Amino acid sequence: MGVSQRNGFTLVELLVVIAIIGVLVGLLLPAVQSAREAARRMTCSNRLKQIGLATHNFELVHDALPMLGEAQEGAHWSAFILPYIEQDSIFERLSFGSVNWAASIARSDVSLSSPIPENRHIAASQTFVYNFRCPTSVIQGPIFDASCYSPPWFVSAREPANYLGVVTGIQPNDWKPAWGWGRPNRPFWGRDRNPTLHHSELDGMIITRPPDEARIRQGGMGGAKMRDILDGLSNTLMFGEAEPDFVHSVESTRQENQNTGRKDHWAIGGDDFDNWEGTDWSEQGGSTAVPIHYERPFDARNSDASPEWAAYEVSFGSNHTGGAQFCAGDGSVRFITESIDAELFGALGTRAGAEKDANMPE
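First residue of the sequence shown: 6, per this note's numbering; consecutive thereafter.
Bear in mind the hints are in silico, worked out from the structure with no lab data behind them. Remember, predicted model here, so these are calculated numbers, not experimental data. Treat the hints loosely; a few may be bogus.
Here are the simulated SDA-like cross-link-like pairs (lysine to any residue), alpha carbons at most 20 Å apart as the crow flies [what the hints assert, rightly or not]:
1) K230 x E218
2) K54 x D335
3) K54 x E78
4) K54 x E218
5) K230 x S337
6) K230 x H61
7) K54 x E42
8) K54 x E64
9) K54 x Y89
10) K230 x D68
11) K54 x L65
12) K230 x E64
13) K54 x Y135
14) K230 x E206
Required output: the full structure, derived from the provided sequences and hints.
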């Protein structure tokens, strides 16, 4: 009778196989991650494209671009285009004009079907709308938000957003204007050291009405018009990506003081935009006067008395590597790298600057 032989792997053979599998996984994982990021970036591009198309449809109906927001009211441009991104169920529950977008106490019983308009606004601000979020973003919601009003007003579970209107290409902050609002000792800075301007005076595609016209027409009408885009729709940015501050979910329960702010970006509406005649437009708008992926100033956190922090608040950026995506006035979406020339990037944010060589990068 012959001796039987056992079939199987030796320990050395098993270790070799495991090592080979480990090497293969190490080689394939970056490719898989790259493919996933490419898919997320394409989804982000599509969402920006939808926002651009919705804005064009809004303009066709109202003969004006949606405003940055209802100055003194708190609604954002993203609320005005809801019917054009198939979000009628939210839009129909909104009541524009002198209705709060937060409450003096954090309410947990709000709903879109509430008979109280304020509760419906809060519920809308707490509703996740995928059109306004980049899938690559690391910001997580919902977030407990306290406004800068004293005493503060609250939204207990506000959903953050990743897409901002392009408000300006010249002003690197959302400070109050020198006339009528804010501290009289505001420094002059920006191109040619101009004084800070009200958001209705700024030079981007997404702005508001002058303060003396606020509360006259509600529902987002009265912004810039397509015929005002003298630099050309393809060479003027309309919306762009921004990543809210990564520690905001921790710090947001603390009241913001007057003339300070956070890098917080919201969809639908926000309480701070109706305080102080519509300041804090960084909630829903950004500036191309600030470089993409502007570095977070850790030594002056939450104080826009610091020019560095004020610039950070209105900066564009993303969790994509190397830059961010933008929607131009013609509805096209482009990825713009963080290495873009600063003067060119600023020029792309103005609607009628008549800048030379301000062509959209390919």
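Here is how each hint holds up against the structure:
1. Annotation: proposed proximity of K230 to E218 holds, straight-line Cα distance about 16 Å (limit 20 Å).
2. Taking the CA atoms of K54 and D335, the gap is near 10 Å; set against the 20 Å cutoff, the hint holds.
3. In summary, the hint linking K54 to E78 is not supported, as the alpha carbons are separated by about 28 Å, beyond the 20 Å threshold.
4. Our distance criterion of 20 Å between C-alpha atoms is broken by K54 and E218, whose separation comes to about 31 Å.
5. Distance restraint check for K230 and S337: the Cα-Cα separation of roughly 18 Å lies within the 20 Å cut-off, and the hinted pair is therefore satisfied.
6. Of the pairs offered as hints, the one joining K230 and H61 holds, with about 11 Å between alpha carbons and a cut-off of 20 Å not exceeded.
7. Straight-line distance between C-alpha atoms of K54 and E42 comes to about 18 Å, which keeps the hinted pair within the 20 Å bound.
8. Among the hinted pairs, K54 with E64 is consistent with the structure: their alpha-carbon atoms are about 15 Å apart, no more than 20 Å.
9. The straight-line distance between the Cα atoms of K54 and Y89 is roughly 12 Å, inside the 20 Å bound, and the hint therefore holds.
10. A hinted pair counts as satisfied when its Cα atoms are at most 20 Å apart, and K230 with D68 qualifies at roughly 7 Å.
11. Restraint check: the Cα-Cα separation between K54 and L65 comes to about 17 Å, which is no more than 20 Å; the hinted pair holds.
12. Between K230 and E64 the CA atoms are separated by roughly 8 Å; this keeps the pair inside 20 Å, and the hint holds.
13. A distance of roughly 13 Å separates the Cα atoms of K54 and Y135; the hinted pair therefore holds under the 20 Å criterion.
14. Proximity of K230 to E206 is assessed by CA-CA distance (about 14 Å); at most 20 Å being required, the pair is judged to hold.
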